[in-house]
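Required output: the full structure, derived from the provided sequences and hints.
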Amino acid sequence: DGGITQSPKYLFRKEGQNVTLSCEQNLNHDAMYWYRQDPGQGLRLIYYSQIVNDFQKGDIAEGYSVSREKKESFPLTVTSAQKNPTAFYLCASSKLAGGKETQYFGPGTRLLVL
Amino acid sequence: KNQVEQSPQSLIILEGKNCTLQCNYTVSPFSNLRWYKQDTGRGPVSLTIMTFSENTKSNGRYTATLDADTKQSSLHITASQLSDSASYICVVSAQQAGTALIFGKGTTLSVSS
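Taken in order, these protein sequences are the chains called A and B.
Under this note's numbering, the residues of the first sequence are numbered -14 to 99, in order.
Under this note's numbering, the residues of the second sequence are numbered 79 to 191, in order.
Bear in mind the hints are in silico, worked out from the structure with no lab data behind them.
Careful: at least some of the hints might be erroneous.
[Claimed, not checked] In the DSSO-like style, the derived pairs of lysine-lysine whose C-alpha atoms are separated by at most 27 angstroms in a straight line are:
(1) Lys(-6)(A) / Lys79(B)
(2) Lys85(A) / Lys95(B)
(3) Lys135(B) / Lys42(A)
(4) Lys68(A) / Lys(-6)(A)
(5) Lys(-1)(A) / Lys68(A)
Note that this is a predicted model, so its numbers are computed, not measured.
Structural data, given as structure tokens:
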């Protein structure tokens, strides 16, 4: 998992509640990413950030929000607008953005709906 | 449409045996291909990365091959161990702006004693 931490490991959300997933990296990477993983499906990109104070929507950004106020941190908020939030969420980082860079993944957060 | 297809979906082998996992892609223009190993409930870990000009890349008992003409890759695991039980994900990168990574659904490998 090398230098990327995610917390909590498990998170429970009630109906209508916003929850925030934490992602921190000490690799001095510029780029950070959030993915969602569902059973039997490939990873899908939610948001990514190439630099502090800048981020772009991925393929499935609806119902999610992010911020990038510090280089080391890229928290993801799952809002009440996300109607099917139960999934395994993975944060990743790379030295620079772009397909040539290897992405390093955190250990993941499993979000469950009560 | 850029796609990555992996086969088989799942595989069970005995400890000590070899196995080969397949990855076919339709990503264009191609930049590189990676194989990741993901243990259950953990984040993926990179095993190999190959660019257009590379045909093979090894990492211990893992050997990846790439045929850029047929757009196929394979991951060969030699003398499997119980710790090889995991999901193996093929990821192809396109030469374009943004993250440009296309993930396969993975092959779940179970190694039994």
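Query raised in the report: Does the alpha-carbon distance linking Lys(-6)(A) and Lys79(B) stay inside the 27 angstroms limit?
Result: Status violated; Cα separation ~35 angstroms.
Query raised in the report: Is the straight-line distance between the alpha-carbon of Lys68(A) and that of Lys(-6)(A) 27 angstroms or less?
Result: 21 angstroms, holds
Query raised in the report: Given the hint that Lys85(A) pairs with Lys95(B), does the C-alpha gap stay at or below 27 angstroms?
Result: Answer violated: Lys85(A) to Lys95(B) is near 33 angstroms, above 27 angstroms.
Query raised in the report: Has the given pair, Lys(-1)(A) with Lys68(A), been kept, meaning a C-alpha gap of at most 27 angstroms?
Result: Judged against 27 angstroms, a Cα distance of about 11 angstroms means the pair holds.
Requested in this report: Could you grab the alpha-carbon distance between Lys135(B) and Lys42(A) and see if it respects the 27 angstroms cut-off?
Outcome: 33 angstroms, violated
Of the numbered hints given earlier, the model fails hints 1, 2, 3; all others are met.
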